[in-house]
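Colleague: Residues per chain are reported as follows:
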Amino acid sequence: SQQGEEDPQALSIQEGENATMNCSYKTSINNLQWYRQNSGRGLVHLILIRSNEREKHSGRLRVTLDTSKKSSSLLITASRAADTASYFCATEPYNNNDMRFGAGTRLTVKP
Amino acid sequence: DAEITQSPRHKITETGRQVTLACHQTWNHNNMFWYRQDLGHGLRLIHYSYGVQDTNKGEVSDGYSVSRSNTEDLPLTLESAASSQTSVYFCASSDRASGRTEQFFGPGTRLTVL
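Going line by line, the protein sequences match chains A and B.
Just so we're aligned, residue 564 is where the first sequence starts under the numbering used here, counting upward by one.
Just so we're aligned, residue 4 is where the second sequence starts under the numbering used here, counting upward by one.
Chain B extracted, bound-state conformation:
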């Protein structure tokens, strides 16, 4: 069955370190998204991609970057982790080619920055 996976599921890091969160989907979806979820804020869009070599900034992109070298993967990099980036991160994908916009979510990565 097609799925979307995230790794690691839990990560503890120190302020100033570079961290990369992986997202891999086997849906063959064009669109991929990264969100962060914090209490009281719902999900906020960090970056998104509509296809290979395409990346776009979302609502809260400062301090984060993504790259899309193939259809399946959209890694999220925190260039220099800050305590404010402690959060739960969700990756999602959708199939723009079909015109359907509902998103399929991964299980999340809980990141703690000390």
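Next up, chain A with everything else stripped away, as it sits in the complex:
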């Protein structure tokens, strides 16, 4: 079964706006990761946040993690048309190394 569930399923914004995607999960985790998938391609790792971290930044990406609510958010600031892709959260459960992926958020950034 899926561990992470993203919200919303689809998001459409204008270039320059910020995009926020959310992920909820069910069990205790070692870390949570966000991946990006362009149409017809494999997934590409974006950022990892450990269970003892609350916020992490990488370029225009900001990830937060709230372990008490079992949720995470990915913020993409000043979005570009090239950010159009599907974004997946993946959780590494506390007691094993198998990552579980959500169904993804499809982001469309209009020029």
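Bear in mind the hints are in silico, worked out from the structure with no lab data behind them.
Just so it is clear, the structure is predicted and the values come from calculations on it, not from any experiment.
Incorrect hints may have been included.
Distance windows between CB atoms, simulated [unchecked claim]:
{"#": "1", "chain 1": "A", "residue 1": "N601", "chain 2": "B", "residue 2": "G43", "range": "43 to 49 Å"}
{"#": "2", "chain 1": "B", "residue 1": "G43", "chain 2": "A", "residue 2": "H620", "range": "38 to 44 Å"}
{"#": "3", "chain 1": "B", "residue 1": "S86", "chain 2": "A", "residue 2": "T640", "range": "40 to 46 Å"}
{"#": "4", "chain 1": "A", "residue 1": "N601", "chain 2": "B", "residue 2": "S10", "range": "16 to 22 Å"}
Just so you know, even glycine gets a beta-carbon here, dropped at the ideal spot from N, CA and C.
Following the hints, position chain B against chain A.
Modeller: Okay, now just chain B, sitting in the frame of chain A:
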């Protein structure tokens, strides 16, 4: 540059046939994974391996098998293909030795079972 490749990229087969999808990585990673991706389900783990001669079942392993005879390759075999196995298959690897768990993905194989 190190990479992970999959072949074939597209495959059409018939119900009941045995099919093998290849995955080859030059990262020298210990961990390798096979996922399937279907609309509305995200990625689901089929099988994984933490090293040579090690294989483990994932969430949706029925009808699939893997073998790990060297570090670089983890072929995925569909013993008797079924229409329900029509999907996009992704191979991935990660470097457990470094303690880093982010996975590197191949480009995918689109399999159609008629």
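Colleague: Compare the structure with each hint and give your call.
Modeller: Here's how the hints hold up against the structure:
1. A:N601 with B:G43: 43 to 49 Å: violated, 19 Å
2. B:G43 with A:H620: 38 to 44 Å: Hint violated: Cβ distance 31 Å, outside 38 to 44 Å.
3. B:S86 with A:T640: 40 to 46 Å: With Cβ atoms ~44 Å apart, the hint holds.
4. A:N601 with B:S10: 16 to 22 Å: Holds - the Cβ-Cβ distance for N601 (chain A) and S10 (chain B), about 20 Å, lies within 16 to 22 Å.
Checked against the numbered hints above, the structure breaks hints 1 and 2 and satisfies the rest.
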